[in-house]
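Single-letter residue listing:
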Amino acid sequence: MNPFFHIGRYFLLMFKAFKKPQNIRVYIRQIIYEIDTIGISSLTIVAIISIFMGGIITIQSAYSIDSPLVPLYVVGFTARESIILEFSPTVVCLILAGKVGSNIASEIGSMRITEQIDALEIMGINSASYLIFPKIAAALIIFPFLIALSMFLGIAGGYVMGVSSGACSSYEYIYGIQTFFQPWKLIYSFTKVLVFAYIITSVSSYYGYNTSGGALEVGKSSTNAVVYSSILILLFSLILTFLFINR
Amino acid sequence: MIEIRNINKTFGDRQVVKNVSFTFKQGKTNLIIGESGCGKTTILKLMVGLHKVDSGEVLYDGKNFPKLNGNEQQDIRKKIGMLFQGGALFDSQTLEENVSFPLDMFTELSKEEKQERVNFCLQRVKLEGKNKLYPAELSGGMKKRAALARAIANSPRYLFCDEPNSGLDPKTSIIIDTLIKDLTEEFNITTVIITHDMNSVMEIGENIMFVYQGKNWWTGDKTEILDTENKELFDFVFASEFMKTFFKKH
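Residue numbers (the numbering used here), protein chains in the order written: chain A, 36 to 282; chain B, 206 to 455.
If you're looking for bench data, these hints aren't it; they were derived computationally from the structure. Treat the hints loosely; a few may be bogus.
Said to hold, decoys possible - Pulled a few chain B residues facing chain A out of the computed Cβ check, cut under 7 Å:
hint	residue
1	Q279
2	R282
3	A293
4	M407
From the three backbone atoms N, C-alpha and C, an ideal C-beta is built for every residue, glycine too.
Based on the sequences and whatever the hints tell you, model everything.
Structural data, given as structure tokens:
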């Protein structure tokens, strides 16, 4: 199908989703529910992946430094830079696109094929706003916390595995993660996280909302949601990198 | 009262609804009957605005629904209750939350008042005490009754039921039909039911439109239907040879 058709339909859906909420109390309740569904339930996977990836980055960095002229605190520095700049904001968001994105698309898609969305419309409820807005708001609220946690656990995992494997000493690692720190990199990272949170929830909601047919189509919507969210994450990661590097 | 006047709907190059007119009476159970694929559900979706009419009028107490603006349409929709074929209950919510949902969205009732209304609706459909169950824990008949409880929660003026008996045994079907008829009379609702279940037609058919090939083919009530000389309606009502022979003998 024509990509302009999808782009146009996506923006029309977003226009509908961001209309004035019909009942603020119900929406706040939904946002809290979604924070739990989208964010809290993702804590375990984010924590596990971050600890292991932090460790792997540290050990690989240490064993890649052959020259005695390069000080070992560079291991900590490399781990921090990799985790803050790319691993936590981009890779973890790609993983969340798989977990959260497929969940949102299949949930809304199932609601579509079982006429639950029609039921909302007939009751006089703006179904796009009721279903999509709380998910986007919840992701924008909770994703920065998840990624901050990922950064912390990634660096901590790097410390534990780096020191315990003998790749570097405790002093060198801690000195490394404090060296040449530039605060704007955190702003860059968290800007990316907010953009990715919006992409994951809105694109997945779009595919779920426009599902038609049966269970097979719900599966297809779910797959499309993950694929297109991932592509857009990588595309916007590149765009934001250009924007921040050339600032 | 709901009135449809000369409504038409085409999908692609296939005209599904052809110049259909009918008046759905207040306080009565109005039935749209016909064989599968004849356009019944499309007519219902045109009436509630899930599809747009190509031409014609859908009048809710005199107001032409398709011509109203978004807010005016929403005001009418708040007065509509709908029972979907599969129930369309919200899976993530308990029965109580499902029934309470329209009240949460559109009323300023206190928590206690909402609870009272939810209990009343559940008791009315004989599901009292099942408040905390999820839709997945209910049988087909219970789902239909729960959906009916949600449909009447906000005291609707218009009630639409899309094949309320599909997938139910004859006994449970009659329970659902009787419930709909009682609620219609009790609250003076304009009820529109889509069905091809002849038990339902004979039980609650007060004002019937028979749709054939997208057209309003016959109108009448359940007593008139048995004496019909309309060939298509006769073939629909007495679909099996056994029924035709049985009817002729008696």
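Ascending list of hint numbers which this structure does not respect: 4
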